[in-house]
Amino acid sequence: MAATVLGYEGNRDARSLVSWGAAAILVDGDLVNGASGMHRPHDEEEFRQLTREGTISALESPIILKQYRNADRPLVVELALTFVDEAGIKDVVPRKGLRGSSHERGFQVYVFADLDAFNAYRSQVATRVVQKLLDLQDETEGAIVELRERLLHAGLTLHAHDGVLNALQAFYEDAFGEDRTFALEMAKARVRDPLEQRQLECVHRALLAAEAALQAAAGAPPDPNGDHAYVLQYREGVADSGGLALRDAAHIVGSANRVDGFAGEETVRRFPFLRSPPSTQLQAISTGSAKLHFVPTIAGEPFSDRVARYLNLTVLQDIIDGKLGEAVEQRATAQVVKALQTVVQPSPQTVVEHRPIDASEYTRIEPETLWDDDGRPQPKGAEYSEPLVLLGYQSGLLQDWGKLEINIFPGTRIRLASDRDRDGNEPMGIDALKQRNDFLFRPTLFTLVRQRLASGRRKYWLQQVRPVAAYLKSAVITAIPSTFVHDAFVYRLDLAIGLRGDGHVLHIRESGGDTVAELEVASLELSGAQKWMRAFQSVCENLEISDFRSSRLGPVFMPSPTALERVLVVLQEADGPLDRDAISQRIREQFRPDVHVDVWTVVRKHTSHFTVDDGEVSLTLRGAQIARAYLAVERRSASARKASRTSEP
Amino acid sequence: LVWVHAFRRADEAAIVRVLRDGPQIHPDETNDTRVYEGRLGIAPNRVYAYVGRTLETFGENALVLPPAAVRGGHLTPFDTGGTIRKIRPIDDFPDPEKAAYVAAFTWTLPEDLAACLETYPTGDATRLAAYLDTAKPDGRGPGDLWPGKPDAAIWEQNTDWRAWTWEGRAEPHHLAIDQLRHWTCSPSVANGVFATAKRLYGATDRPFLLRLTKTYLEGGVGSMLLRLRKDQAA
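As given, the protein sequences belong to chains A and B, one line each in that order.
Numbering-wise, the first sequence is residues 1 to 649 according to this note's numbering.
Numbering-wise, the second sequence is residues 1 to 234 according to this note's numbering.
Hints may be right or wrong, so weigh each one.
Cross-link-like lysine to aspartate or glutamate pairs, in silico, DMTMM-like; alpha carbons within 25 Å at most [what the hints assert, rightly or not]:
(1) B:Lys214 <-> A:Asp13
(2) B:Lys230 <-> A:Asp114
(3) B:Lys86 <-> A:Glu46
(4) B:Lys86 <-> A:Asp30
(5) B:Lys214 <-> A:Glu201
(6) B:Lys86 <-> A:Glu44
(7) A:Lys605 <-> B:Asp124
(8) A:Lys96 <-> A:Glu405
(9) B:Lys198 <-> B:Asp11
(10) A:Lys66 <-> A:Glu104
(11) B:Lys198 <-> A:Glu185
(12) A:Lys338 <-> A:Glu236
(13) B:Lys230 <-> A:Glu196
(14) A:Lys323 <-> A:Asp358
(15) B:Lys136 <-> B:Asp231
(16) B:Lys149 <-> B:Asp112
(17) A:Lys338 <-> A:Asp248
(18) A:Lys96 <-> A:Glu525
(19) B:Lys230 <-> B:Asp138
(20) B:Lys214 <-> A:Glu196
(21) B:Lys198 <-> A:Asp193
(22) B:Lys136 <-> A:Asp30
(23) B:Lys136 <-> A:Asp72
(24) B:Lys198 <-> A:Glu149
(25) B:Lys214 <-> A:Asp116
(26) B:Lys136 <-> A:Asp43
(27) B:Lys198 <-> A:Glu173
(28) B:Lys198 <-> A:Asp179
(29) B:Lys86 <-> A:Glu53
(30) B:Lys230 <-> B:Asp178
(31) A:Lys338 <-> A:Glu265
(32) A:Lys96 <-> A:Asp85
No lab work stands behind these hints, which were simulated from the structure alone.
Predicted model only: the values in this text are computed from it and were never measured.
Work the whole structure out from these sequences, hints included.
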């Protein structure tokens, strides 16, 4: 439906270079708040009153939205052209979700489809503002200070919770002689995302280090033994003579150089405002004591380079320490992995210690990620499931066939590498798939291996991909996702699958047995795929609650039970009906004493699961089936955890 | 359900004072709220909030308090000021009858809060979501839910959600503003609010500055309502 953006919520502060807010939209005679979605009849006089009061900022020229749905949450952003010019963001254009734009009164106006689209754009702008602010740090004119304040104020108005902008805010307050600790605490309080908070702390340290380097005696070389240096030390093994042979030193330094190249790419990925970090500065090699000294800042460099150098070195030391094992697994080439192995373990007997930047003690490097002889990552504590053959469809292609996006259940999308399986080989069937142009949204069997990473996260490896065709001997589903526990599976099934009826019916039957389901494949488009997938979900649900011969694969992380699951479990394990107090008591005993569950609310909300008779609650047949299905996964998950704990040294 | 108070102030310092010291009684005796209180027999003067949400379209500033931060006051399942202005048929009643209607549907905070909400909108998730979405409840009016109370078809005869939304009112000292959960304002004003708060209280009240920073929700009242709806419906 058509809609018109008349303005946006909030007061357009005349002093501000940036304003934004939920769109005020005229739809079918109603005025709609773009954030809350609430309607009220549009009254022009009332609208003018709201504008005068500063409750709504009206646009001079309303912007027509050609496509608008009630679920849309558009918002409006106004950027003063002086800000666009000063921040150097003329070429920063919204990449996605732009629904309209205009110029008025010296402002650039954008209407974004939703918060996600706005977030993408403001992150781009924040990155540019940070770059500009870092560049300005080398300028000393009085006007620069005002410009810096304007840019920072506008940046924070646009993106109040951005980690790097808040780091700069805290840094400038430091520079103005205020309480550093409190300034940082305030900045951290403004940033909500834990990742952004870590970024804030890293960047803040880098800013202080860059500032300190400037204040150090002009031209004086940094002390390689000072607390700000990063030091790698080798003992025993290649260093058992107390020093390093030149050959070993060259080998380690060469490898460190290769790892540093990867660290540079990773640094820019983590801190997009950095253009390109300078190569890490090896300040000294003490072959006598087998130490390598790297310095994080160099006084004579531009401020932005000093910041980049510092951040790059922190990333390098984290890679060496194994803290970025996942990044190495996902993005490093085999050569980089080999080089890293040389740096952290030049020989089996060598002990490697390091002293991170700003630390005073050496710690032994015991990387969380180890690599096998072929340079394949083998995270400690990694576990692989057996191969699971799942029915799904491919919904996307990323990085020019580098990754596939597949759907194996409604709402469960997985992105996985298409160029290597868990053993580093190309997954079977990928080559054939690339030859086709009709692979999207087609019923397909995916053979996946689920890996539990040492970090506690999960990763899927694609072993084989095979579009479903007419019956073939080996076309069998061996696993289905659990309907009741996310990331759990029922597996070791044996369900033959094939297409019938000119490819319009997906036929699933027990191998050599009865038909389990016939699903209509209405079309090979997304809507058709979503339709048969929803029907398949109901088949899976029935299988899961009726088949307890098959095995359960618990999730990598078993979430705490919900209120419903607690009530189901307690009633399933009780001898008979229980009243509300007894259920609450048993929940406290079985789960946690401080857990409170509003039993009546749960029971009233799930009438198909419970019956109430004279104040006593019992499970219906369906409730009992779901409870059993949940417990089957939960117990499998608990025994897997126990096995994992007992196998630890 | 939380206590949501929307407010408008002339400058950033005034916004900061509300967030630090809590909402205050309007100083002008001729202000509509104070005049209506006189006509409805509400004394002493109160500050007002809606329970669970606030004005449905646009606003400038708003703060949110958890139920535990309201240590006294009263609760009524409609906007009492609306009985003077526009909630039919009460707006046609003589003032003493309006006052009697309001008094009949007035409960005491905090002791009656749980029972009131259990009656309306109840703990049922669907009804709670409907309440947060400002959907009109079934029935003629609150008399359907509280038998024995005056019967007036204020739900049937009105279209504005304020005829079926809980109003909370309290004396300022009953509100524990240090338990502030969220607040919001226009994004273009926020930095000025922070800077003003720092200028006024940077040296004397740092806990307030941290509270102010941690509880800020960006995006304005509409965004805050969206967030509150999700949080409370869950």
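Now the hints, each set against the structure:
1. B:Lys214 <-> A:Asp13: holds (23 Å)
2. B:Lys230 <-> A:Asp114: The given pair, whose Cα atoms are some 17 Å apart, holds under the 25 Å limit.
3. B:Lys86 <-> A:Glu46: OK: Lys86 (chain B) and Glu46 (chain A) at ~16 Å, within 25 Å.
4. B:Lys86 <-> A:Asp30: holds (20 Å)
5. B:Lys214 <-> A:Glu201: Status holds; Cα separation ~17 Å.
6. B:Lys86 <-> A:Glu44: holds (20 Å)
7. A:Lys605 <-> B:Asp124: holds (7 Å)
8. A:Lys96 <-> A:Glu405: holds (20 Å)
9. B:Lys198 <-> B:Asp11: holds (15 Å)
10. A:Lys66 <-> A:Glu104: holds (20 Å)
11. B:Lys198 <-> A:Glu185: Distance ~13 Å between Lys198 (chain B) and Glu185 (chain A) Cα, so the pair holds.
12. A:Lys338 <-> A:Glu236: holds (21 Å)
13. B:Lys230 <-> A:Glu196: holds (23 Å)
14. A:Lys323 <-> A:Asp358: holds (17 Å)
15. B:Lys136 <-> B:Asp231: holds (21 Å)
16. B:Lys149 <-> B:Asp112: holds (16 Å)
17. A:Lys338 <-> A:Asp248: holds (15 Å)
18. A:Lys96 <-> A:Glu525: Satisfied, since the Cα-Cα distance of roughly 23 Å is no more than 25 Å.
19. B:Lys230 <-> B:Asp138: holds (23 Å)
20. B:Lys214 <-> A:Glu196: Between Lys214 (chain B) and Glu196 (chain A) the Cα gap is close to 15 Å, so the pair holds against 25 Å.
21. B:Lys198 <-> A:Asp193: Given that 25 Å is the threshold and the Cα spacing comes to 23 Å, the pair holds.
22. B:Lys136 <-> A:Asp30: Roughly 18 Å separates the two Cα atoms, so the pair holds.
23. B:Lys136 <-> A:Asp72: holds (23 Å)
24. B:Lys198 <-> A:Glu149: Given pair Lys198 (chain B), Glu149 (chain A) holds - Cα atoms ~16 Å apart, limit 25 Å.
25. B:Lys214 <-> A:Asp116: The given pair, whose Cα atoms are some 22 Å apart, holds under the 25 Å limit.
26. B:Lys136 <-> A:Asp43: It holds: about 22 Å lies between the C-alpha atoms, which stays within 25 Å.
27. B:Lys198 <-> A:Glu173: Status holds; Cα separation ~12 Å.
28. B:Lys198 <-> A:Asp179: Cα-Cα ~12 Å, so holds.
29. B:Lys86 <-> A:Glu53: Since the Cα atoms of Lys86 (chain B) and Glu53 (chain A) sit roughly 22 Å apart, the hinted pair holds (cutoff 25 Å).
30. B:Lys230 <-> B:Asp178: Holds - the C-alpha atoms of Asp178 (chain B) and Lys230 (chain B) are around 24 Å apart, at most 25 Å.
31. A:Lys338 <-> A:Glu265: holds (17 Å)
32. A:Lys96 <-> A:Asp85: It holds: about 22 Å lies between the C-alpha atoms, which stays within 25 Å.
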